[in-house]
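Taking the hints into account, I'd like the entire structure generated from these sequences.
Everything in the sequence shown is counted per our numbering, starting at 1 for the first residue and increasing by one.
It is worth saying that the hints were derived from the structure and are not from the lab. There's no promise every hint is true.
To be verified - In silico lysine-lysine, DSSO-like type, Cα no more than 30 Å apart, as pairs: (1) 174 x 204; (2) 352 x 35; (3) 174 x 139; (4) 20 x 352; (5) 428 x 204; (6) 227 x 58; (7) 259 x 166; (8) 227 x 70; (9) 166 x 133; (10) 490 x 428; (11) 70 x 166; (12) 591 x 42; (13) 204 x 259; (14) 463 x 20; (15) 204 x 424; (16) 424 x 259; (17) 244 x 133; (18) 133 x 20; (19) 259 x 428; (20) 17 x 550; (21) 204 x 591; (22) 574 x 20; (23) 174 x 135; (24) 570 x 483; (25) 42 x 570; (26) 174 x 133; (27) 17 x 591.
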Amino acid sequence: MEAKEKDILRGGQFLVKETKCEDIFTLEDLSEEQKMMRDSTKEFVDRELWAHWERFEKKDYAYTEECMRKAGELGLLSVAVPEAYGGMGMGFVSTMLVCDYISGATGSFSTAFGAHTGIGTMPITLYGTEEQKQKYVPKLASGEWFGAYCLTEPGAGSDANSGKTKAVLSDDGKYYSISGQKMWISNAGFCNMFIVFARIEDDKNITGFIVENDPENGISLGDEEKKLGIHSSSTRQVFFSDTKVPVENMLSERGNGFKIAMNALNIGRIKLAAACLEAQRRVINEAVKYANERIQFKTPIMNFGAIKAKVANMATNAYAGDSACYRAAKNIEDRIAIREAAGNSHQEAELKGVEEYAIECSILKVAVSEDVQHTTDEGLQIFGGMGFSAEAPMEKAWRDARIARIYEGTNEINRMLSVGMLIKKAMKGHVDLLGPATAVGEELMGIPSFDAPDFSQLFAEEKDLIARLKKVLLMVAGSAVQKFGPELEKHQQLMLAAADILIEIYMAESTILRTEKNAKRFGEEAQATQIAMAKLYLYNATETIIQKGKEGIVSFAEGDEQRMMLMGLKRFTKYTNNPNVAALRTQIADKVAADNGYTFD
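Structure, rendered in structure tokens:
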């Protein structure tokens, strides 16, 4: 299907415009080539990673490096690299797919893979000169060389632009001397090249450099960090002491480093969300196999309602994550195609395409990283005492999942970014929030309709509810912006509550739309479990929105305004027909148990 500009929502517009189910991409839309790629990636993971998961727990850094080389030989490191530089030049959805399915077995390898293919290679493909790309990218794409990314410093974490590392131009103007300390550097122990961010003189913004890893050029490493999880991901401090870097190795322009870092993180965020998907699926598979085999009180524990509730919620969250991630990935791919057709270079098209959906990237990063944490926690619980043992894979999955909420920007930062970016887009006129927010205010003052709506069509009630949940956010955020204006970003607790509403709307809507699209083409009977998951996700999302909406309203509104908004919250979150939650969970769990695992991807 040819991407037409008018058909594609801009980033954040999902909140104020209706999306038709036919206009979203789902995992069921994968091409034959993409399915083959997914299957060969899974085969590599099963053979090299899953079969040897214990080696990764024993801090076998050499094995991580060996597996990265094998991934390079199979072309898995080059999926996102343009063909001109030795890559496969695949579209954004295909790059998401490989990132998804290669990341499920061990956080150690997925961190190495993500650091190399994402922040280690991508800044050069997106910002490098032709000479820089020809020199470095083919080696990185093949796995002959590995990359790392040096941004974080002891005093500069979330505040990335506050780094103290200095770059001083030589008297003859031929090179920069870089001095400073970087920490938490993934792949530091075996990389050949660093992307390093440093400040020139007293510049407001940092600058990016491509620095080859040569110990004789003032580069030294700290010991491997002792970490809670991702044990075989090489994570070390890197010290630069008058490291000479040729001027031609500056990445992009002077002072452009902060922009490079932020745009690399946008792509990193949606890829991180993808990297958490297969981890969830595998944990569900292990938990269900165990629950089907574990006999207590003369019956498999899978037959108990308490276990069914866990499995149903795990499967539902995984299904929602799949739905939302691939919806956004295709939006980005289509936006890139539109920009290329308009004459943008691939670099410019990809940068702007991803930047357009920065709100969705932050939403997905938060939602899926928290779901994988919850899923591993419940998986461990299903295993009981065995789950707490390092002999079973649940314990390491639980530990590995924890980092996902921290890197690529903490979830707190990403929550505030998602709302902050939405408000900025509204100020620029890219997303009309003011009109719909005003309409919601007027609706609150009016008399509600008591007409009985026609909910006979599949998802008619659910889609009506989603439209009203969007009004909750418009009501809360609209009133907050009116009250605080630009000062709103200082009210972080309010921003966090609004972000949770925004996140749940996007995730629930994506799940409903995917299921509606598939029910239309495969039949409702064939999608019975997916329909149950979509309904369960929406119910859970609505409960979160009720809680966060109330928290927001009582925290900044008083008197009549507060009463009016609380009444609005009640009206906008009300079901006409409440779903039978226990029955939905039982239906989902029974299907997953019968399939002995997660079969919805």
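Hint check results:
no. : hint      : result
1   : 174 x 204 : holds (23 Å)
2   : 352 x 35  : holds (28 Å)
3   : 174 x 139 : holds (25 Å)
4   : 20 x 352  : holds (24 Å)
5   : 428 x 204 : holds (24 Å)
6   : 227 x 58  : holds (12 Å)
7   : 259 x 166 : holds (18 Å)
8   : 227 x 70  : holds (25 Å)
9   : 166 x 133 : holds (25 Å)
10  : 490 x 428 : holds (21 Å)
11  : 70 x 166  : violated (37 Å)
12  : 591 x 42  : holds (23 Å)
13  : 204 x 259 : holds (12 Å)
14  : 463 x 20  : holds (11 Å)
15  : 204 x 424 : holds (22 Å)
16  : 424 x 259 : holds (17 Å)
17  : 244 x 133 : holds (20 Å)
18  : 133 x 20  : violated (40 Å)
19  : 259 x 428 : holds (19 Å)
20  : 17 x 550  : holds (25 Å)
21  : 204 x 591 : violated (57 Å)
22  : 574 x 20  : holds (23 Å)
23  : 174 x 135 : holds (19 Å)
24  : 570 x 483 : holds (22 Å)
25  : 42 x 570  : violated (46 Å)
26  : 174 x 133 : holds (20 Å)
27  : 17 x 591  : violated (34 Å)
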